[in-house]
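> As a plain string of letters, each chain reads:
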Amino acid sequence: MDALLAEEQGRLSNVGCKCEETGIEAKQKRVLAGQRRHPVTQGFSNVQWEKLIDSLPCYVTLQDRDLKVLWSNSLSQRDFGSPTGKTCRDLYRVDPSKCADCPAQKTFQDGEIHSKEMMLTTKDGSRVNVIAHSSAFRDDAGEIAAIIHTAINITSVKDMQKQLILLGQTVAGMAHSIKNIMMGLDGGIYVVNKGLEDKDQDEVKEGWEMVLLNFDKISHIVKDIIYCSKEREPDFQRVIPNNIIREVYELFKDVAARYRISIELELDESLQEAMVDPMGFHTVLSNLVTNAMDACKIDVWKDTHLIELRSRRAEDGSTVVEVADNGIGIDKDIREHVFEDLFSSKGDKGTGLGLMVTQKIMREHGGNITFRSRPGQGTTFVATFPGNALPSE
Amino acid sequence: MPKKILVVDDEPHIVKYLTAFFEDSGYETCSAADGEEALVALRREKPDLVTLDLQMPNETGTRFYRNMTKDKEFKNLPVIVISGIPGRHLAVSKPVAVFEKPIDRNALLDAIKKAIG
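Respectively, the protein sequence lines represent chains A and B.
Positions 1 to 393 (my numbering) are the ones given, in order, by the first sequence.
Positions 1001 to 1117 (my numbering) are the ones given, in order, by the second sequence.
Okay, chain B solo, but in the shape it has when bound (with noise of 0.2 Å):
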């Protein structure tokens, strides 16, 4: 079976993006436009891995990051940081990689396959 990708952004287009390279990389995807939505989304999908934007209005990132970890479920779950600005991945205490705007998607792939295979 497929692994499946949470993709976090308020950017539709960069969710467009990233799901469409995600599926044609073999991926199974979902996405989310905010933290809360994304905590929706995590129950019901049950992702292998995150891609979070961290720039999103109001921190809604960061918040969401927290209670993704306060849920004994999704604590260990990877997390792949995608932001425009250097250091904000500090808000995460534990990702998997971290990648600047405009992201290398190869270097992207490659951290996620060697995330989840």
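The following block holds chain A by itself, in its conformation from the complex (with noise of 0.2 Å):
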């Protein structure tokens, strides 16, 4: 190990030496020089430096030309495993179409850094991003006899940067939503003007629902976002769910009338009072009907349609509720995203935010939500909230 440190000094003071020195060359060299004379490092035996690499905070490995790891660290040895006869994406666990431009094997080519972002596999698989560099480890001969890897864990760092991509990603269907919206306010308002430029009473009417209708479009998307922001607490109390269901089919019964959609209640009036959070309850339901309405707006095959709200109490005491309807159904390419975050199948009038915020309550509840649909026939969606026990959180 004190040869690798020769080395490196060896290497650093070179550098400086091609040139007139400047006075930052001058510091690291005063630099390096007192590392060598600190208290801590004087005497350091070869054990010693081999305990300090060992401990470093990140994933070390040493390898050879066939990329065998010949030794690595503590850490990566409590996460990883044993290395013995291994070579690093054995180890790591790397998906071989992920090797290609593998920093290491530049480094045996050119004997220069190389860095590479990469996904890696613990033992217990667990998938962990890293940031990995690799360097050559030179012989006395200064040839490069192996090569040094550091993978350094940046999970949290890459777990931000999708969060900051979802946020990007939500504005953007955000701003489409909006523009719409805006098309229809401008429409409604071309037509309340016109009414009473016409002095025509059904024609104002008709502009002014245009207007009401975009304005409740318009809340829908506050309050969703409202939903996915960290700070509303859910806000849990003991209430009837019954209650809740007959409030959402009161809102909706109407809207969904006027495009031949009837909503009707299939209520198990024994299921008793639930611990939820009422205004998180009012809202999975209310993003599932509009759901279930959209999905029967645009199938063209059925002349009307139903949209069924059930409750039932389950053998565990936990408190179901079903939205079901005859609609277009989700298609089996579409299936695995419907819970993706932003995911919509509604164009630009859709912001994905729905079935989103929904998990994100239910998730708050400690509950589930599931679906089962058959194309062209139509889906039910299960939203499952725990029995009366508050979810520890």
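None of these hints come from the bench; they were simulated from the model.
Mixed in with the good hints there might be a few duds.
Claimed, not checked - Computed list of lysine-lysine pairs in DSBU-like fashion (alpha-carbon distance at most 30 Å, straight line):
{"hint": "1", "chain 1": "B", "residue 1": "Lys1004", "chain 2": "A", "residue 2": "Lys194"}
{"hint": "2", "chain 1": "B", "residue 1": "Lys1004", "chain 2": "A", "residue 2": "Lys199"}
{"hint": "3", "chain 1": "A", "residue 1": "Lys205", "chain 2": "B", "residue 2": "Lys1003"}
Said to hold, decoys possible - Just some of the chain A residues that point at chain B, by a computed CB distance under 8 Å:
{"hint": "4", "residue": "Lys98"}
{"hint": "5", "residue": "Leu166"}
{"hint": "6", "residue": "Gly187"}
{"hint": "7", "residue": "Val191"}
{"hint": "8", "residue": "Lys223"}
All C-beta atoms, glycine included, are put in the ideal place defined by N, C-alpha and C.
With the hints as a guide, dock the two chains, each given alone in a separate frame, to form the complex.
Spelled out as structure tokens, the structure:
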């Protein structure tokens, strides 16, 4: 290990000697020299140097030309197990397709430092995002004997990056929806003005309805955004779920009728109080009914449509709410994306926020949401709110 | 005889808006809520221009355009694309004009006048 450090220092000071020594280089030299003399490292034995490298807070491996791992540090052994007889690909369980432009191989070729972002899989199967660097480990003759590979865990940074991307997409999605709403408002105002000019009461009414409908759409988006933000804490109360279901029913039944969709209730009247966040419960239900209505509206194969709101108690005491429609159904290729954040099959008429918010609320309740669907036949979403116990958060 | 415009949009309120506006500007109008209806309206009403929303679910707008251009009679019918998503109009090879929602209705009227008078 001494050889390594001497080599490294030699290399660093050589860089400075090529030209006139600048202030910075001189300082670097002093710092390096200073490190040598520091009481902690002074007189370090080989074992102690090894210990130092071993306890680095990143994954360190030493690899030969065939990428066989010759040595790995404690952190690497803790998360990925023993390296004996393994290549880095085996040890870190890297997808072979991701081994293109491998930094280690590049370092063997040109002796330079190379870096790459990678995804590793630990021995217990969890995935870790890392930034991997490789540098040459030279023997006394200056030949590359091995490479040092360090991987720094950047999973939390990656998560943050994902959140930012998500935020960007949310804003873009919302901008599209708002454009659509603005066009609706524009149209409503135009028709109202025209009605006023023509003294045509019906036209005024029609235009005003357009304004109101688009106003509602804005309120809905704003509500979704509030739910997406972390600030809002769920307000758990003892409520009778059927009452909220009836409220949602009242809210939608007239609008639905305009599209020849009837909404029916099939409630288990023996259902008692449940511990839920009433506003969240309401939002889950109205999001599901909105989706069901959209599924009916675009289904041209049936003349009339039906949405059923059902409630029942599961054996374990959970409250189960179902929203069933006989609309267009969910195609196979869309199925797996349904619960993806910001996914929408409604073009620029959807933000993809609805089911994202719904899922968030269900998580807050410690519950879950699933669906079953047959293309062309209809879809049923099933939301399960656990029994009376508060979710452990 | 006034020229006739076919408005294709799945949002009834947008249809109401555009037809009211076109009628006020001296055009005749007809409308369709999806691509299939639009094909029927095309043959029945023989419009002089089509305004087409490309964001209708199931890509019916794009499909309608493809079907329309396959028909010799309507191959060269002027189409104005009204879209909420930039770049979506690329599905229509030769639109007379492209408008993003919310539209500037006076600019839209100018484009129509330029196309069919």
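> Each hint should be assessed against the structure and marked as holding or not.
Hint by hint, here is what the structure shows:
1. Lys1004/B to Lys194/A: holds, 21 Å
2. Lys1004/B to Lys199/A: holds, 26 Å
3. Lys205/A to Lys1003/B: Holds, at roughly 29 Å.
4. Lys98: violated, 31 Å
5. Leu166: violated, 19 Å
6. Gly187: The hint holds - Gly187/A has a Cβ within 8 Å of chain B, the shortest such distance being about 3 Å.
7. Val191: OK, holds: Val191/A within 8 Å of chain B, min 6 Å.
8. Lys223: The hint is violated - Lys223/A has no Cβ within 8 Å of chain B, the shortest such distance being about 21 Å.
Consistency with the previously given hints fails for numbers 4, 5 and 8, ordered from lowest to highest.
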